[in-house]
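Enquirer: Chain by chain, the residues:
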Amino acid sequence: MTEQTHFVDIRHAQKSFGSLEVLKDISLTVERGQIVGIIGSSGSGKSTLLRAINDLDPLTGGEVWLDGVQVNKTLPHRQYEKHINAMRQQVGMVFQHFNLFPHMTARQNVTMAPMMLKGLSQEAADKLAEEQLDKVGMLERIDYYPSQLSGGQKQRVAIARALAMEPKLMLFDEATSALDPELVEEVNMVMKKLAEEHMTMIIVTHEMDFAASVCDRVLFMDKGVVVEEGPPEVLFRNPSKDRTREFLRKHLEGAK
Amino acid sequence: MDFELMQKVFPFFLEAAWTTILLSVLTAILGLTCGTLGAAARLSRFRSLRFIGAAYVSVFRGTPALIQLFILYFGGPQIGIQLDAFQAGVIGLGINAGAYMTETIRGAIIAVDSGQREAARTLGLSNWQATYKVILPQAARLMVRPLGVNLNMLIKATALVAAISVIELTYTAQRYIGSTYKPFEMFLLAGILYMIILYATGRAVAWVDRKVQIT
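Residue numbers (the UniProt record's numbering), protein chains in the order written: chain A, 1 to 256; chain B, 1 to 215.
Hints were generated in silico from the structure; no laboratory data involved.
As the structure is a prediction and not an experimental result, all values here were calculated from the model.
Warning: the hint list may mix true and false statements.
As the list claims (entries may be wrong) - Here are the simulated DSS-like pairs of lysine-lysine, each with C-alpha atoms no more than 30 Å apart in a straight line:
#1 B:133 x A:168
#2 A:192 x A:118
#3 B:133 x A:118
#4 B:133 x A:135
#5 B:182 x B:8
As the list claims (entries may be wrong) - Short derived list, chain B residues pointing at chain A, Cβ under 8 Å:
#6 115
#7 116
#8 118
#9 119
#10 121
#11 122
#12 123
#13 125
#14 126
#15 129
#16 130
#17 133
#18 137
#19 138
Backbone N, C-alpha and C define an ideal beta-carbon position, used for all residues, glycine too.
Same shape as in the complex, but just chain B (with noise of 0.2 Å):
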């Protein structure tokens, strides 16, 4: 094993493991937001909204991710849409992990025992008061692990984007094997990189998990 070539070429990895992170985040903020969306409109009253949020879920859940990328990436521009790869990387990805985490919310509110939502009611709140007051509270400490999981793959999905040139981390080391002829090193370095980047998060999700639970 090449070391003194990882050595050399570990600092444009880590430069790329920046452009990872930061394109992880952008998902999961998105990916959240279209999650938020995607529960509410799928526990709505209004059959319409019920049905989107349904068809969303089974739209993007139900294709390759890597086929949303290009479709958006590659089709776009046929369409309308004109987005730089990190763009299509970013809105792609986010709008498959929100698939993902509208069920994962979704879950979670209903996990949550219907007697809650009753007694609230009962004492006059409002279906938004009760909502807000009582369920999201106690629905909230139930979906961490389960968002967490949502994270951890959507950082995993990220290495899709090298597909449509992002220059992350598998795009940087595909790009130095070009060039080095050293597969084994350079996917290596990219693999730890990914597994610690993986692992301080799943450390966050756990202390955040710990934070919420009813003392």
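Isolated chain A, as found in the complex (with noise of 0.2 Å):
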């Protein structure tokens, strides 16, 4: 194994669909406990990259490496598919449309996976979802179905699912972008609090203010190629490229 000091790292990551290349050659690591947002116009590959993390978009070259272990191996199909499940069990995400499971209660999606996977009994899973669900102000909606939930409600619980599993690692795929207005707010309350406990996360967001108030580091990327990084105070407020310059002036005059 090569030297490995990051506990994210992704290598000259790199993603082609045919001749599109939407991924062209990014290096980013993150820190334990660190918050990292990723900004940019859609059609950025952003969410291209987070996906890459858990091997949801596989790349095409680079290495995506978590806490040591390389994540895109490549080995034979069927010690492969263990070692993502594996690796997929230690990383927690949230999608933009929730994807929460419609057959079942906000509480078998949330104890669905620590049964199969960890061989909790139900007693032991139902506790969990208890604590997760109230983490995420759920709890007394435990036994409703998602068609029963407000999309804020949906996303929340999409959220304790997550952490349910324990992760060592969440990433958020816009996970406010398919909200109404007015829920946005109490999903990015749980993300508040999950930054204040340390979770390592890395966010991909069209919410600029969001973004600049938990991150410690923000990621501008354009065409495949991260533009811009640094500390949200700098990257926002004076930013040294053109490209993210434009790309924050038309966000602001969007916001308005």
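Could you use the hints to bring the two separately framed chains together as a complex?
Expert: Structure follows, in structure tokens:
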């Protein structure tokens, strides 16, 4: 194994769909407890990069390392499946469209994976579901089906579902983009709470204010490259690249 | 119309209707089995299995069921397949129905939002765990109605086995026409019994569909 000191270490990530290159040699490191935001217009590759971290969108070149283990190893199919399932158990992911299981209650959404993968008993899993749903403020809706919940409530349940696997790292793929504006705050509150608990997070977002308030570091991506990165106060207030300034200007106009 | 005659032959028609029902049930079971395997093949990650699944569907949907029955029943002995008429009927119709059901089942599975599998895989579930815990329960709800349509078609297709002289409803009607010269009454009686079977089946499918929907 090569020297491996970073918690998340993305080395020369490259991804093409046919002749379209969506990630062009991106390297990125994240330390334990850090919160990194990724901003950029749609098509910039930010979601693809995030999804490469747990190999949902496999890279066509480069490496992803998590806590000293390479995620996107080349292995025979069966071994690879075993390896990636074990890796994914350590990485929580929250999607733009929640992707809650509609045939399961909030409780079942949260308990399924720990029961199947960690062998938790029904009682232990129920206790875990209560804890996790309480944490996101959804305890009183524990036996509701997703169809009976608002978007913000669904997303909070989805976060609880991910947390129930006790991940080392949480990935947020535009977690609030599909929500009505008045529901965004309740989800942001939960994410802030996680930040206070020093959960390592990588957050793809369109919300500059939120990124500025929780992230230690923000990356601006455009056309498959990281154009600029830095602490939010620098990147948002005093960006050094024209492309970043242009994006932020347009984005602020759009927000008004 | 000769009601007296219809009454007289009714018990024989009823008995034939049971044969039609038995034939339908067995065909449905075989069809569902073939359909499940066919869908699994069509959705496999192995190209060869996908090809076999696709070939199965296009061959059996692309030729008349009657020809398939004739090949099996009349042509079978030539290549060493000896089946009685009822067996040939069940197997022939079952494999034929399976081709339609393959597409129904596959369609329901791919209609489940891809984000569902992604979410399950992200939690660390294997592909198979994600399939049976997350995808299939949702696909099952989507496939009840269209499988009901397949079942309806299949029951009506059992009339074809009259052509290989299985003594079911249609064959019975034809046989009594030979002795009574009353085709109107005989086919009407058969038609009414088919309708009752199909109506009951339709109600059963609707009941199952209501039962499996998410509250």
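Enquirer: Just pull the numbers of the violated hints for me, sorted ascending.
Expert: Failing hint: just 16.
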